[in-house]
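Student: These are the residues of each chain, in order.
4 protein chains.
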Amino acid sequence: MINRKVRMGMIGGGEGSFIGAVHRMAANLDGEIELVCGAFSRSSENCKETGQKLYLPEERVYNSWETMIKEESKRPKGDRMDIVSIVTPNHLHAGPAIMALEHGFPVICDKPLCLSTEEALQIKDAVEASGLPFALTHTYTGYPMVKQARAMMESGELGATRKIVVEYPQGWLTDKIEDDGQKQAEWRSDPTKAGKAGAYGDIGTHAANMAEYVSGLKITRVLSQMSKIVEGRLLDDDTSALLEFEGGVPGVLICSQVSAGEENAITVKVYGTKGGVQWCQEDENTLLVKRHGAPNQIYRTGVDNSYLSEGALVHARVPSGHPEGYLEAFANIYRNFAMAVKAHANGHSHHKLYDYPSIEDGVHGMSLVDAMVASTESGNTWVRVSH
Amino acid sequence: MINRKVRMGMIGGGEGSFIGAVHRMAANLDGEIELVCGAFSRSSENCKETGQKLYLPEERVYNSWETMIKEESKRPKGDRMDIVSIVTPNHLHAGPAIMALEHGFPVICDKPLCLSTEEALQIKDAVEASGLPFALTHTYTGYPMVKQARAMMESGELGATRKIVVEYPQGWLTDKIEDDGQKQAEWRSDPTKAGKAGAYGDIGTHAANMAEYVSGLKITRVLSQMSKIVEGRLLDDDTSALLEFEGGVPGVLICSQVSAGEENAITVKVYGTKGGVQWCQEDENTLLVKRHGAPNQIYRTGVDNSYLSEGALVHARVPSGHPEGYLEAFANIYRNFAMAVKAHANGHSHHKLYDYPSIEDGVHGMSLVDAMVASTESGNTWVRVSH
Amino acid sequence: MINRKVRMGMIGGGEGSFIGAVHRMAANLDGEIELVCGAFSRSSENCKETGQKLYLPEERVYNSWETMIKEESKRPKGDRMDIVSIVTPNHLHAGPAIMALEHGFPVICDKPLCLSTEEALQIKDAVEASGLPFALTHTYTGYPMVKQARAMMESGELGATRKIVVEYPQGWLTDKIEDDGQKQAEWRSDPTKAGKAGAYGDIGTHAANMAEYVSGLKITRVLSQMSKIVEGRLLDDDTSALLEFEGGVPGVLICSQVSAGEENAITVKVYGTKGGVQWCQEDENTLLVKRHGAPNQIYRTGVDNSYLSEGALVHARVPSGHPEGYLEAFANIYRNFAMAVKAHANGHSHHKLYDYPSIEDGVHGMSLVDAMVASTESGNTWVRVSH
Amino acid sequence: MINRKVRMGMIGGGEGSFIGAVHRMAANLDGEIELVCGAFSRSSENCKETGQKLYLPEERVYNSWETMIKEESKRPKGDRMDIVSIVTPNHLHAGPAIMALEHGFPVICDKPLCLSTEEALQIKDAVEASGLPFALTHTYTGYPMVKQARAMMESGELGATRKIVVEYPQGWLTDKIEDDGQKQAEWRSDPTKAGKAGAYGDIGTHAANMAEYVSGLKITRVLSQMSKIVEGRLLDDDTSALLEFEGGVPGVLICSQVSAGEENAITVKVYGTKGGVQWCQEDENTLLVKRHGAPNQIYRTGVDNSYLSEGALVHARVPSGHPEGYLEAFANIYRNFAMAVKAHANGHSHHKLYDYPSIEDGVHGMSLVDAMVASTESGNTWVRVSH
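Protein chains in written order, with our numbering: chain H, 9 to 395; chain B, 9 to 395; chain U, 9 to 395; chain S, 9 to 395.
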């Protein structure tokens, strides 16, 4: 029975990490989660410094995630961490996730799930064996207007889906900065840490998840062209793909990390027989609703915009016109996961309105990585998605 | 020697036509061209009415284009039409174009050039045999900001081109309106009049031309997925394709006429090693210039914006902030073609700054149609573009 | 009885003029008006050159407007000009307009109407005495989406008007370019040629006209602050004003020619009890329709957008998504005026859907100039508008 | 000496409050502040419930702010609250603020500062007497792009300031909802709780603060028109004003809560002799930088956008393209205030880069309210700002 803040231990996220601080801010925002311990880095110095900056007691800053899971398990029930947040590079997801689950800790894990479909299925087994909540942080589905888009496509008011286009352009790998010691670039372009896919693994998986989330349709086949544009790069930095969704709906996915001058403009467009929806992260509080034969409409985030769907409303925090951004979207995933963890601990069922990406999304995402890579390797042919 | 307005005869463009009136407004705008005769329709009533509305003398309104070309040829040199404008559906381009050229009349022809690469090569032969100017109205390359985009990519200031994305979404064929007597939809979805491609033929050809114009690179191979989304439609109404440009540069083309709620938002994005350009017709006077590591910039149409390239400046008519639209872009092609016709008549060379799409663009465009169709028919494989 | 193109003579608009060429393109666009003669400049050389470039016969290029009006009057009825277009600086409007009207020629005149309310009333007397059509080229009211805005406010669907904000920022007089021989800047900043007001006279009059046109309410009182921001400038280059409209509706007008980096972004916002409209020239084909308690909507220009008002539809030329710009808006005024002239010549009444700014708008505009100047001179107090 | 999270007590912010939850999320985000106690409401039931939802120990949920300040003062030094956050309606700012300061607690207070300049000066006396940090939550100056705008105007690269326009349109008081029990509307339209000004007090004060912050210039004189548009409303719901800034720079301020269909689009435009800046909250991560004679530029929030000023960079949390919104801006004020409190407690000086609105801003803001009201009451004349 939890009737207090949910207590979180973090794996990864030491000094120099980008996503660790993001997870912590997301967890902080709503006052529902409290960071109580961490294994922030393999470097004990980094680990210690990070713990101090986060005002953690020295004894709960661990030098390895194995130690953290073991030691926390030994603490009395009311005093140990409740959940584990995993924010390490991809190759360090499966180990901690499985061990945490096996020790009875629900897990919230950064994306993509891991290195391969095989590993993904092992994590899934551990989740199922434990019966515990598990969340994958596909942040972008946490935006209220993305929830609105999904609700509108689901309701049928825009008709049956006919075409899906998703694009995720970035420019930060325009130069070969992995050679200059940029930590983020280093591991993301290293197959041993990132897995088989570069740009597709890092951001294409977000794009695919977004397209599926908004349309409510899974991708069944892909035909990809993964390119290594910057000379000497080991993984794709630019990928385009034709997609087939359930029901034969055609789609296109474009992601790139060498689109110079682009920031983070993930954009999804879903068209139905009567209209469509369009959302772009760089205008995050707006959902453009297209209407065949009528003026298009501008739906906007806001707790006071009563025309929004229930799902959009419960993921907004402030009245319309006060922008809610990336951290709020991220916080929605943490908040919902905390609710699920409490519900689980307290023996209740979790309300499906407060959704978050699941282990199934993670497994499917990894099999999409596999299919993408196989398609390019086979000379750009259609490849079926296995899971 | 022409030292007066260029005199134009028009084939097609009777009552009920959309593009005929557009050509006439474009030809009117700059006061350099005068409509003097026409064969507007096979219906003699339509033809007569159109002629009256255009204030043409009855004797120069002809019931067939064959008659018009013959009769005008018989008029004294100073009194006949100087050029022929062809604004009929695609299957009625080759015949009039070749006959006009053979009778010594330069031709400006709507796009796509004709029905097949074979026909295209016949027109090309006629152009070469005649030595006369020939223009194809790929309107969108007439916009000042498209000229600016091309100039910037050409100058190298944004680096070597790495990736090209072009999209042309429309929604007007969302329903099967070709069954309801909508004239534009009827012929565009009829293979005997439109040719082998529907959406690709109508707007995909514009998109391909735009991508090539801005980047300065020709498409060499395509892998297409042409879909007939609306049940019973005879030609593709939605096409997506992976592209390979000269030098192996990858690209994506998406065009659709069933993207409900979309109007005419052709958008091109070209990325180089140092930055990129982005232009969309629905914000036609803006060129977004992306800079790696520096703020993006907003270039704007205007005769007073001295930072623009020479090519952009000579295609603008008014000071910045006074929007120049579709008809001005179209008029640029007419104005440039009129200049070329005068230069030719007067024995001068035509200044390359005042460019317009050529017969070569037309032939290449038709072989792109062929390659697109072949790729889809072969199960979405790479097909080389023949011309 | 006119059953042909309307024949136009132009006063002003020689080489070096900006607005003369704009008027000619606007008159050309629809093929309803033909330039047949002109008195383009006091310089006979400029006059001659301009005539040649416009392909006019030498004998109809006149060295003075007095001569043009006299000589054209002498030509046989079927052969003389039908209308006079006046595109000279403000101090040269009244003379030619009155003389043209007195000789039986309808007049279309650039704005503002003239130098003073007194002069304005003299022109009005001439218009009334002649019974002839008269148009003032407040271009911006020619945009289809401005027509739509007016129609929506008039219909009452957005409730009674409560607040009006109009802004017209430009930056081209940021530096004192009137000292560098820039012809446009020279006369516009010279009280003997421009009148009592600089920025307000040039663009503030457009802004006031726009606010009144969209809301359907006249300005009754003003409280202005006219500033001469650039040292040594003789007329205001930046003006802000509180406005009172009919019924006591409050408003604000801001215009400036020293807003560095601005182009020509005239923007009007009108709010009613149930919603509002917003239009900006730099996104000219969009009308943002605001709805209290419901998503805002994007209305768009297009002959196929059947949700538009009749008035918006008859002022559009092409399907939605093909941008129509400044010259099309301007052409709408010329086209409508030509229709009125024909109707008058043929003894018909003119359809009010095809509206254009009238002599009454011109007189009111001049009395607004007077009120603005009086308010600033009296220390920023409320001044009632006389006409 | 504080080497842990700063402990906060909150006054106001019980169930039904909007801004209380906002303050708490802002305080939570960075993990630098911890809510330890509160006096959330005069209703002891509301108070208790709020405390429970926030997981506070029962004994630190107080039924009145007087009790909270007294009781917390009695706790041992290391165990009491460090700061007080005041989030009550305006009439309940001065009392708690002064008492908290007198008991040695730094104060962070919602805006506007209080009910009158007189009260404001009393608070200022208490701040000065205590020597403690005091912050006023003018949220919008916490945005990174607002910091950037200020830095650019300050640097002189856009020249000396010439014109300032600030606009803050809202539509939520379009109907007379204060009669329907809407709590936010009730107190904001009640002079005994809100003070002398309605819309101006609530949002006009933000607008004025924004204009001054970005330009670095104080408003010295105002000429206002405060309107009560909705019949029966007791305070202004729509205000427009001419402004005079230091050095005689002219400006305009428009704020409204009856602009139907508007959300929260506070927008500021500052023009200098070489260019200008424009920022709007509804596109919060973009600063439009205008350049006279060169393309305008798009500056964007992001820790990786190294072209930004130091002040903008230290107020961003994530890489560019990940939107940072209203809560992040608010959190910047809390984070900076917490830094100042720690510096003060630890005997260090506070780095001016981490700025926040001060007691001086609060006093000036109240004297602006007085001047606005006096100007309207005197028939819209210029009134000098006293402090």
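Worth flagging that the hints you see were computed from the coordinates, not collected in a lab.
Cβ atoms here follow ideal geometry from the backbone N, Cα and C, with glycine treated the same way.
It cannot be assumed that every hint is accurate.
Claimed, not checked - The calculated lysine-lysine pairs, modelled on DSS-like cross-linking and capped at a C-alpha distance of 30 Å, are:
#, chain 1, residue 1, chain 2, residue 2
1, U, K226, S, K184
2, H, K282, B, K360
3, B, K282, H, K184
4, B, K82, U, K13
5, H, K282, H, K78
6, U, K184, S, K282
7, S, K226, U, K184
8, B, K226, H, K184
9, U, K201, S, K282
10, B, K13, U, K82
11, H, K85, H, K61
12, S, K61, U, K282
13, B, K282, H, K191
14, H, K204, B, K282
15, U, K13, B, K61
16, S, K350, H, K61
17, B, K56, U, K82
18, B, K236, B, K204
19, U, K226, B, K13
20, H, K226, B, K184
21, H, K201, H, K226
22, H, K61, S, K360
23, U, K56, U, K78
24, S, K61, H, K61
25, S, K132, S, K82
26, H, K13, S, K350
27, B, K236, B, K282
28, B, K282, H, K201
29, B, K236, H, K226
30, B, K56, B, K78
31, S, K204, U, K282
32, B, K350, U, K61
33, H, K82, S, K82
34, B, K132, B, K360
To be verified - Take a look, some chain H residues computed to stay more than 12 Å from chain S by CB distance:
#, residue
35, W180
36, Q192
37, E194
38, K282
39, E290
40, N313
Student: Just to be careful, I want the Cα atoms of K236 of chain B and K226 of chain H compared with a cutoff of 30 Å; is the pair within it?
Tutor: Distance of about 21 Å is within 30 Å: holds.
Student: Verify the proposed pairing of K350 of chain S with K61 of chain H, using a straight-line Cα cut of 30 Å.
Tutor: 14 Å, holds
Student: K132 of chain S and K82 of chain S were given as a pair; does the straight-line alpha-carbon distance stay at or below 30 Å?
Tutor: Cα-Cα ~25 Å, so holds.
Student: Measure nothing beyond the straight line between the CA atoms of K282 of chain B and K184 of chain H; if it is 30 Å or shorter, mark the hint as holding.
Tutor: At roughly 13 Å apart (the allowed maximum being 30 Å), K184 of chain H and K282 of chain B satisfy the hint.
Student: Hint check: K201 of chain U vs K282 of chain S, CA-CA at most 30 Å. Holds or violated?
Tutor: 28 Å, holds
Student: Tell me if the straight-line CA distance from K350 of chain B to K61 of chain U falls inside 30 Å.
Tutor: OK: K350 of chain B and K61 of chain U at ~14 Å, within 30 Å.
Student: Given the hint that K13 of chain H pairs with K350 of chain S, test it: the Cα-Cα distance must not exceed 30 Å.
Tutor: 26 Å, holds
Student: Keeping to a limit of 30 Å between CA atoms, is the pair of K56 of chain B and K82 of chain U held or broken?
Tutor: 35 Å, violated
Student: Tell me if the straight-line CA distance from K82 of chain B to K13 of chain U falls inside 30 Å.
Tutor: With a Cα-Cα distance of about 27 Å, the restraint between K82 of chain B and K13 of chain U holds, given a limit of 30 Å.
Student: Given the hint that K82 of chain H pairs with K82 of chain S, does the C-alpha gap stay at or below 30 Å?
Tutor: 38 Å, violated
Student: For the pair supplied as a hint, K61 of chain S and K282 of chain U, is the alpha-carbon distance within the 30 Å limit?
Tutor: Violated - the C-alpha atoms of K282 of chain U and K61 of chain S are around 38 Å apart, more than 30 Å.
Student: Does the alpha-carbon distance linking K226 of chain U and K13 of chain B stay inside the 30 Å limit?
Tutor: 45 Å, violated
Checked against the numbered hints above, the structure breaks hints 2, 5, 12, 17, 19, 27, 33, 35, 36, 39, 40 and satisfies the rest.
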